[in-house]
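Participant: The chain contents come next:
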Amino acid sequence: MRTGITRHFLPWDRPLLPQAAAWLAAAWSGGGPLDLGATLVIVPTRQSGRRLREGLAELAAGRGQGVFPPQVVLAEELLAWPAGGSPVASRLEEQLAWIEVLRTVRLDEFREVFPVDPVERDFSWAARLARQMLRLQRTLAENSLRMGDVATVAGGDWPEAGRWRQLAALERDYDRALASRGRRDPGAAGRATRVDELRRRGVTRVVLLATPDPPASALRLLEPLTHDVTVEVVVFAPADAAALFDGWGRPLAEAWAGRPLLTGDERQHVQLCADPVEQAERVVAGVRRGGIPEGALAIGVADAEVTPVMERRLREAGVAVFNPEGRARRRGGFYHLLAALGALVREPDFAAVAAVARCPDFLRWLARRQAGAGLAVAETLAQLDALHARHLPATLEAAGALAGGFPAARALLDAVADLRSGLTAGAFPAGPARALHGLLADRHEDDDTVRADATAWSELRAEAAAAAPAFPELEPAAWWEITLALFGEETRAGPKPAGAVELLGWLELLWEDAPHLVVAGLNDGRVPEAVAGDAFLPEALRERLGLRTNAARFARDAYLLAAVAAARATTGRLDLLLGKVSAAGDPVRPSRLLLQCDDAELPARVQWLFRDVEAVRPGPPWRRAWPLTPATDAPIPGMSVTAFRDYLRCPFRFYLRHGLKMETVDPEKTELDEADFGTLLHGALEEVARDPALRACADAAVLRDALLGAFERVARRRFGRELTLPLIVQFESARQRLARAAEVLAEQRALGWVVEQVEWKFPANFAVAGLAIRGRIDRIERHAGTGRVRVIDFKTADKPVHPRDAHCRRARREEAAPALARFEWQGESLVWTDLQLPLYLEAVAAEFGADATAGYFNLPKAVGETAVWEWVDEAGEWRAAARRCAEAVAAAVAARTFWPPVELAPEHEAERFAGLFHRGTAASVDWRGVP
Amino acid sequence: MNPPGHVMILASAGSGKTYALTDRFVALLAAGAAPERIAALTFTRKAAGEFFDEILRKLARAAADDAAARRLAADVGAPAFTRGDFRRLLRAVTGSMHRLQLGTLDSFFGRIVRAFPLELGLGGDFELLEESAARRERRRVLRAMFGHAGGRPDAAQQDFIEAFKRATFGREEKRLGDTLDRFIDEFAEAYLEAPDAEAWGGAGRIWPAGAPWFEHAAPRARAAAAAALHAALPWAELNEKQRERWDRFFAELPAWSPGAELPKPVGYILGNALAEWPVVAEVRVERKKLALPPAASAALRRLAGGLVGAELVRRLEMTHGVFAVLRGYDRAYDRMVRRTGRLTFADVQRLLRPVALTGATPDEGALFLDWRLDARVEHWLLDEFQDTSFGQWKILRNLIDEAVQDATGARSFFYVGDVKQAIFTWREGDPRLFREIFDHYNAAAPGTIREQRLDRSWRSGPAVVEMVNRVLGGAQALQALLPEEVAARWNREWRPHESARPELGGFAGLGHADDETGRWAATRRVLEETQALGRGLSVAVLVQKNATAAALADFLRREGGFPAVAESDLHVGTDNPLAGALLALLRVAAHPGDAAAWAQVRMTPIARVLAAEGCDTRDALVQRVLGEVHTDGFELTLEAWVRRIEPMLAVDDAFSRLRARQLIEAARSFDETGSREVAEFAAFVARHTVREADTVGVVRVMTVHKAKGLGFDLVILPDLEGRSLTVRRRGLAMKRAADRSVEWVLDLPAEEFFGADPALRAYAEAAAAEAAYEKLCLLYVAMTRAKRAMYVVTEPAGTSSSRNYPRLLRDTLGESWSSGDPQWFKTVVAPAVPPVSPGEIPMLDHRTGSRAPRRPARAASTWGGPGRGQQLAQLFAPRSADGGPGLGRAVHALLAQVGWLAGRAEIPAWIAAWREQGAPEAAVGAAAACLQAPDLAEIWRPCDGELWRERAFELVLDGAWVSGVVDRVIVEREADGRARRATVFDFKTDALPDETEVAAAVARHAAQLLVYRRAVARLTGLGESAVKGELVFTRLARRVPAGGWGVTQTEVSDL
Ligand code: SF4
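Going down the list, the protein sequences come from chains A and B.
Counting the first sequence from 1 gives a position; this note's numbering is that position plus 5.
Counting the second sequence from 1 gives a position; this note's numbering is that position plus 2.
Watch out, some of these pointers could steer you wrong.
[As the list claims (entries may be wrong)] In silico SDA-like pairs for lysine to any residue, Cα to Cα no more than 25 Å straight-line: (1) Lys501/A / Glu254/B; (2) Lys501/A / Val644/B; (3) Lys804/A / Gly676/B; (4) Lys708/B / Glu717/A; (5) Lys866/A / Lys1030/B; (6) Lys737/B / Ala213/B; (7) Lys266/B / Gly69/A; (8) Lys666/A / Ala597/B; (9) Lys501/A / Ala642/B; (10) Lys804/A / Ala213/B; (11) Lys167/B / Glu717/A; (12) Lys804/A / Gly733/B; (13) Lys1030/B / Lys501/A.
No wet-lab data here; the hints were simulated from the structure.
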């Protein structure tokens, strides 16, 4: 039996914090500072420690004094104290040792642990399993156990003893792996030395303060101390409830299991809500009415899922909130910088480059590199995207090689390349450190969270530096992976904004002394937390090993609820909110704590707590936030031949595209689009057509070789040597089409068609209805026999198309095309959709005569359908009609008539206008221009 | 008590399935079963929740009321049970709530996998991927596959390219990404179902005895047959039209190549030739039979067979190609996703299928559940069994075998469902299992499982039931409309329904409208006429597609002013201009070259906000918004911008505000993924959907699929149009054997090619029959949702011959039909209870009575921690690479050990001691240097003052709470113990290259030092001017004094 331990009870009808402070200061005369330096106080959470120190400062301030505070620690921290002997392994070293063991042991000697071989025994498998092993060790450490103890402590007669013996053997391997590097596992460190540490710190008094759930191992550490120093246990409960707690102040499972909680009319305190949103809204509705003095209301959230909803709703209502739990570092910008750098180190592909390029720290650094020249951030990023869209580089290197036309992007790529060589130079932590140093040089950071992140990272880096010599074979990518994972997991809390409402976790509530406490998320599984099933430590084994069980958690939470309720029973108020469904809409159950009542009361409580509840939130009808008000004065000095198609399709979209220049960027582009594909084929055809040696060539095989050769050159120029998979596939398709095109070209030559002009540009003075029209004709051919001229346009769409079908279509029953596009043809109502070929003919008329003809050279995907399709228009009637339409369009553009738009179904909307219109184009826009 | 026995229940819609299940649960409890030993598994979490609530409420009612107790006691076969007994059961269930095995099949399987990761080849724990996460992973995998071709594709990539070419022959070969995406959507599950190369396009599997098609499939053979046919045709006997047919046939024939669409003239002759198959002695052309001379007959047979064969060869090849493509993708996916511990529900199931689960005894290689799941399941209750897939059953089978074969009879199996409601076969639901299992167990020992039927509807009134009976019990009409096997299968399980609630009366009617507009208008009229909402009735409008639900709900809100809710998935990030503009803002920030996005932003009031915020240039906007996204993530960034933009919205625009909030919520879940990529976020948002919450007092518009399991007072069915009932599901043909193993997979060609092939035709007919059966089920589910009234509105079936719903309704009900009282609603009175109002938490009145608020927490002092304002880069300074901030801490710790230093001679002893402690050499060196430096000697020189080392303090200064640690303080005291004066030394380990930096550091630390001096003054009772402060730069071995010892308060404050 323990000696030298005394229990004290602080009654729970008053707040804990002032009582605790006063109790600690009981012996203080008030003459000098309150000196508690020799006292070690163990508290349940960091936040409670913080509050205790504040409470003491407050108490001393009452007498114009200060405090030499006690040494405030969490029970878990006691276990992490240095323990003499060889140095304890860092988190990183523990992981690395496990990874090594898992990758090197013979799995068939551990068949009880690994009944089957993993599919691939790679680093990532080992890393994940290592984390699981570490978690397992930590859990066992709760009761000062190691894997090797389990088989003996658990006693005989249980099914998995063999498995645990093998785990123990694995753990010995792990210990050896550490030992060979002069380290040892923290759990293996001796207890006695920790006691020495206590003495070294000059502790003469130990207080376990309102900590209902300390790990058994910590208590075990305190036990031997009782001979030297006083050990006091302070329980927040009335003295007459002493029987409900053990000697260490832990609620006894048996005593709390059937104990009624929340007696009286629970309906006053318990609100069953539909979901987390409703819980938040109820709190917000109360807070919103105002008039609540600071410190009068505290909000607890027992279900972590409710916290973000609560935070957001309160912020929306203009209430500052503070979550002392903080956020995982993974959510912060510093982590993302590191992650982007890590990805760049792992694989310098273009996506990694694009991610780094968008880190503000990188951009600042880039600006410094270019000091003097000045960095146009927007232009640089735009060029990077443009480079990508044009050349689809797979890697940093490829991008660099293709960046000729994009000077700003090239500077950025050079910088990324330098950064990467910095990051990869030297061993793991040193190289990156140098690179980061360069990156962050002269950044003065006053934001505490960033500082804290940076400090945490550099600590981790120091750990890595210490571990690196012992694990020389680990790749830099693996180092990045492990350290980033460790870093991302840590949580950090920023400073609390003044006047902010704290959202307290369940375990913090005991120390909260606001008279009105609202606790949301009182659902089963959250409170009390319950664990069912486990790969290693199922409940039955936990019980045998003296680890925290569901029953113990239940007792702790029952006690917490009883205590926070009692502290407000007479002069305060406690409200408990719970949801019917989770944030994801899944049903959840009321906490079992709420059903702790007399049997007679149980049926009514069940009916009350398990009733149907539905939210009352019908959505408002759809409504337009605002109409778009585009500028109406964008200049359109002339237009290209192809733009006529756009106008005919929709005058308004024509304006958006050619006036306001609305073009989008697809940063996720991975392959050629229609236009790229066409350009490539055109490029090859052009090159061959320009070769004088081949002008008259009618040999399909020669032409094919020439075309394919030209294609390789064109493609290489634009896409370099390193191709992505889709490009390989697409090039394959292009080659097939060109091979077949060679045959058709040869046939055409045989028929007498000779190339006259390639990529012929419209005369500069060419205009329609006074509007300058630009254009370029793929090819002009002349017939060797007749001297007739024809213009040819290459078409590379998947399906072959006849020129007439491409230029007009039948009018629909409810035709929406602009009036100027419509015309009658032999009694039929038609609509112009394009004017390309007729305008070509207009353009060539001056130089090549008015009787030229036009056609398409189709290179469709079904290569059998490759052919020249001419548009026969003997009487020139089509041309005349087209000319009229072209004049009308040109006149309308000159008169700036872009309204009304044509209504298009969303699925027919071009990518560049995606997300622009909702429920009708005209309805989406407030057009102030010429109708 | 009696052993509970094994039971199968066929429960028609509304017949009290949940009632039966909960009774069973209670009966098992009453028979002494521990609650945690009963596994009750359903398909949805919602159903599981309702099931649990119902059990508790049932027990609670019986525990509270004698009459209820007697009734329940009788129902569950425990006649002696009293209120007290039920209260005991209630306590037992609530007490073990956390251990109950009551949930979905998926979660049950998930728990097993979690408990046996190593047994299943996983490394450690895993993460379950929801739909959107799975899609992200797919993008990641495809990106990786696309990215790394390098100079030349490796062998695997070359294979993949080849496979892709084969898979897409003659279709789409240009856009790899889109095509792959579609492939994966359509076929990935099929691949995983049958990852067996043999099955995919294996001719031997499809035609084990061979097929006649392939002999003449080669182009040359076909050409030869065509020539022979041309030569042998009796041209003289043909009339002009027939001749024309043949001419066109021969003209178009050469143009066709396999995989392409068959030209009409070729299809015409081929079809007619195949109609005569296998003896093509004659062929019908232009409505006349043409007898063929033997040579022509043989040639046509060769040609027709060859055409079919050529197409089939191509399809087989494409199927191989698809398989190889999927295999390539799946290998990459497996490596990058599954093996790194990210699994979908389907993956979880697949992991479990090959292993044996056992409850009681661990056999060789079997998973022993009881121990690791902390539970021994003795009783099995399976709900909605018609939706159970064969794969799921395979996992459960040996557990249930154990229960059924348990000799003591102490364990049991109970399953319930309705094969008439099997509308989830597309999700692998396998309604045939229902009967097969029954037959299987009963064949071994007759009577093992008892069959029960429930056909009395506790949901629907007589009028509704009458309509259901007429339409779905119309055996003859069904026979006439549907494939024989389907009608027979349906009619075999059909039992006329009966309303158990005649008092509901009600109404059911069929009406017509000409088109969709008319049907929607009719829906609105019903709602207006009946005033159902006002009467407190629940109302649902059931449709076939999600998009229809969203549009119709909006129509009802807009045109009818009804509070209608689309219980469909709303695309909240793309359906409104506010979200569109916010996304455009993000797009410009990340991709400033996106002129469209920039123009879009400038067309909205956001432009004014940007101007006010000073970021109306792209440069400013990039730096601002990209910085925010980087630092805070999308949620907080959007939240901040919404706050700024909100004043631009109309005051009463609740809709846009709601959408803004929903977008922020979407951003929150996206932030969980850890990505900061705007394009990825935009893609996520485009797919992100939100369901409007279940609410009372609204018109609920939803798909029939979602309505399953629900009941409403009034149901309107305005969307029963559509295609024929016998259209087979699109996608790959997948033929399964009786044991559900996949026999073969084939990209089935058009019907004109396989009509004459018995194997393929049989497959297609069976698939069409399955589809027809499911369509009937869908109608049944739709028609059995109504409690009081049902209005069916369709377009007139007219003379159309399509075998669709309107036709079935006409054939069973006639042109128009109704039953019950058209004015049924008049007798319904609005319930007296007011609708639940959203609650609010009553706030304490702090002026009266209650306890005083606690003193507000003090703001922590803002002088910050050490190093604030220091260059961030210093943390990464190369020189500190050996120790970083750890070095600083170590130096502090070593110096804190030093009390007084009597002389330099003592220094080596300190160094030795520190080394002994294992302190880093760098720290030892730095600390030793401090001891040795002549400039610092005064710090260590013994004096009679009191010495504080690394001493923590807490106090309140100027209303702020200050905590800190002073490194070293010397307090000189008078003889009476009162302090005379004090000196604070603060050690700084900064690396300072030059004087400017020193000056900067001094300025930086001034505020901190001042606070320390004031703190020491408070703690010693001295005036502040009696406390001197000194910064000690350890690396420079230099001290910089700062005020004190006579310096006045004002001077100090100026610091
Ligand atoms: S297409 Fe050719 S010229 Fe243009 S940027 Fe690329 S490599 Fe340079």
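Participant: Hint by hint, say whether it matches the structure.
Facilitator: Tested hints:
1. A threshold of 25 Å between alpha carbons decides the hint, and for Lys501/A with Glu254/B the separation of about 81 Å lies outside it, so the pair is violated.
2. For the suggested pair Lys501/A and Val644/B, the alpha carbons sit about 23 Å apart, so the restraint of at most 25 Å is met.
3. With a C-alpha separation of about 42 Å, the suggested pair Lys804/A and Gly676/B falls outside the 25 Å cut-off, and the hint is violated.
4. For the given pair, Lys708/B sits about 55 Å from Glu717/A by alpha-carbon distance, which is inconsistent with the 25 Å threshold.
5. For a cut-off of 25 Å, the pair hint linking Lys866/A to Lys1030/B is broken: about 87 Å separates their Cα positions.
6. In summary, the hint linking Lys737/B to Ala213/B is supported, as the alpha carbons are separated by about 17 Å, within the 25 Å threshold.
7. For the given pair, Lys266/B sits about 102 Å from Gly69/A by alpha-carbon distance, which is inconsistent with the 25 Å threshold.
8. With a C-alpha separation of about 7 Å, the suggested pairing of Lys666/A with Ala597/B holds against the 25 Å cut-off.
9. Simply put, Lys501/A and Ala642/B have alpha-carbon atoms about 19 Å apart, close enough for the 25 Å limit, and the pair holds.
10. Pair hint Lys804/A plus Ala213/B does not hold up; C-alpha atoms about 34 Å apart against a cutoff of 25 Å.
11. Note on Lys167/B and Glu717/A: the hinted pairing holds, with a Cα-Cα distance of about 20 Å set against a maximum of 25 Å.
12. Of the supplied pair hints, the one linking Lys804/A and Gly733/B holds, its CA atoms being roughly 24 Å apart against a limit of 25 Å.
13. In summary, the hint linking Lys1030/B to Lys501/A is not supported, as the alpha carbons are separated by about 32 Å, beyond the 25 Å threshold.
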